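Participant: Given chain A, put chain B in place with the hints provided.
Line by line, the protein sequences give chains A and B. Heads up: the first sequence at position 196 corresponds to 195 in numbering that gives the first Met the number 0, and the numbers run straight through without jumps. Heads up: the second sequence at position 163 corresponds to 162 in numbering that gives the first Met the number 0, and the numbers run straight through without jumps.
It should be emphasised that the hints constitute simulated quantities derived from the structure, not laboratory data. Be a bit skeptical, because a hint or two may be false.
What the hints assert, rightly or not - Pair ranges (Cβ atoms, derived): (1) A/I16 / B/A191: 43 to 49 Å; (2) B/A191 / A/A191: 26 to 32 Å; (3) A/L255 / B/G11: 28 to 34 Å; (4) A/K162 / B/P161: 50 to 56 Å.
What the hints assert, rightly or not - Taking lysine to aspartate or glutamate pairs in the DMTMM-like style, the calculated list, with each CA pair at most 25 Å apart, reads: (5) A/K162 / B/E94; (6) B/K154 / A/E94; (7) B/K31 / A/D37; (8) A/K218 / B/E94; (9) B/K154 / B/D140; (10) A/K91 / B/D223; (11) A/K91 / B/E166; (12) A/K218 / B/D37; (13) B/K31 / A/D99; (14) A/K218 / B/E43; (15) B/K218 / A/E94; (16) B/K31 / A/E94; (17) B/K91 / A/D236; (18) B/K222 / A/D99; (19) B/K218 / A/D99; (20) B/K91 / A/E94; (21) B/K91 / A/D223; (22) A/K218 / B/D99; (23) A/K31 / B/E94; (24) A/K222 / B/D223.
On a predicted model such as this, the values are computed, not experimentally measured, just so you know. Glycine included, C-beta positions come from ideal geometry on N, C-alpha and C.
There are 2 protein chains.
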Amino acid sequence: MAPLLVVLYFGGIVLWIAALLIALVGVHEFCKGWNNIDVHPSKEICYVMTVLLFLTRFVPASGSVPAYYQNMMLMAIWMFIAVAIGLIYGWKINERRAYDAATTVTAMVYIPFFTYHMTLIDRTEYRLFIWIVVIAAFGSDIFAYFTGYFLGKHKMAPNLSPKKTIEGAVGGLIGSSLFAWLFGFIFMREMAAVCLVLGLVGGAAGMAGDLTASAFKRKMGIKDYGNLIPGHGGIMDRFDSVIFVAPVVYYVICALTGILAV
Amino acid sequence: MAPLLVVLYFGGIVLWIAALLIALVGVHEFCKGWNNIDVHPSKEICYVMTVLLFLTRFVPASGSVPAYYQNMMLMAIWMFIAVAIGLIYGWKINERRAYDAATTVTAMVYIPFFTYHMTLIDRTEYRLFIWIVVIAAFGSDIFAYFTGYFLGKHKMAPNLSPKKTIEGAVGGLIGSSLFAWLFGFIFMREMAAVCLVLGLVGGAAGMAGDLTASAFKRKMGIKDYGNLIPGHGGIMDRFDSVIFVAPVVYYVICALTGILAV
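So that you can see chain A by itself, here it is in the shape it has in the complex (with noise of 0.2 Å):
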């Protein structure tokens, strides 16, 4: 926990470094995962365009265009090459299979993709928001932690996740709501009220991260990505919910400093 509150902290060059770091051993830990079935994504492909998408971070902003913008052309340009390349990577048809190119396509579009917004959010005048990332992704899994575990009855999907409960969902988010609240009050008042609508939204969109991440586990038949950190499994089994939020409150800071202009 200690050297994320310092990425945090710091921001800038040191989160762009661990949110690259994460998407890298993130998308390592998923293509061996596929590897366990027996279905091989291109863990080549998928490094060089995760590395591609966080050099578009030193692109100059010009003067008359929004870096925003500019952030979002340059990521629909990769979001095209890098789909043009997981496809082309199944034209090897007496070597590869189907899935294999479907699979590399995948995981470009979920981990480095999803993993990247951490640095945009920084990259706004909103950077505190990425506290508000953490808060969701942790603290909503905290407090369902805690609010199941006295109060748990109701299995939530007893297949997929089978000690998470109902009862410890909603605690999770009442939890994370008030929690991102009480940093928006103390750290940026005027903001109070949309932290708390993020810590709801942001928790439920970590728990889909963290479901995601354990279906994917189950097929695979592994009960963790990875043994980086000891006993806590690997890269993704920490970060499957900071992931699943990142987007999610970026595009909200977007909506809210009006440049989406809806």
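Facilitator: Here is chain B on its own, set in the frame of chain A:
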């Protein structure tokens, strides 16, 4: 061919409807192809997300923000939601396999996402470039056929597409470049050089789209994606190149008009 010319001539909402239909029938055929090898992406999710992507066209542009950028922002949000929902489809671990989620994601970020760029091109100030998409996709194919017929000696991709030759590919690229240049010279003279380049790059992208569709069809054990157009196969058999060329042309236009600001 005639209905296609009418669609390109009118552009606007006519092109939007045509592109939406291509995307909808395209994902349908792609999912059906997967069914053939017992993989079951969610057609329903693909349909709904395709319609949602195309509906972003009707979000009014704000005064201060260029329409291009707003499109990109909405597309990025769509991309996140599409990937997330595709992954969530895998939660029902007792009924579905991990492939089913990955192929649902792949279907969406491949077919509707690529196809949507046709409508984006139509909304720029260089809407005539939509013709270049078709010229590059079909022109390279036709010129490759005739060049290969008369001069073809060296097989290009014997397993994937046994009739294609290297001589044919070179002839196809030269032909589509010259044809695109001629179109530019007649209809938008100051852009003739750009058209030449797009004929070359777009022609190559079209061949990549064709080979990608071939690879999937072979792995799926089908000859054609469908039989919608008698004697021509399905929509994906006809438009596999077009949907690969559209993003390439769109992003080159973006670079041209300076909005990439790199």
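Participant: I'd like to know which numbered hints this structure contradicts. Please list them from smallest to largest.
Facilitator: 2, 20, 24
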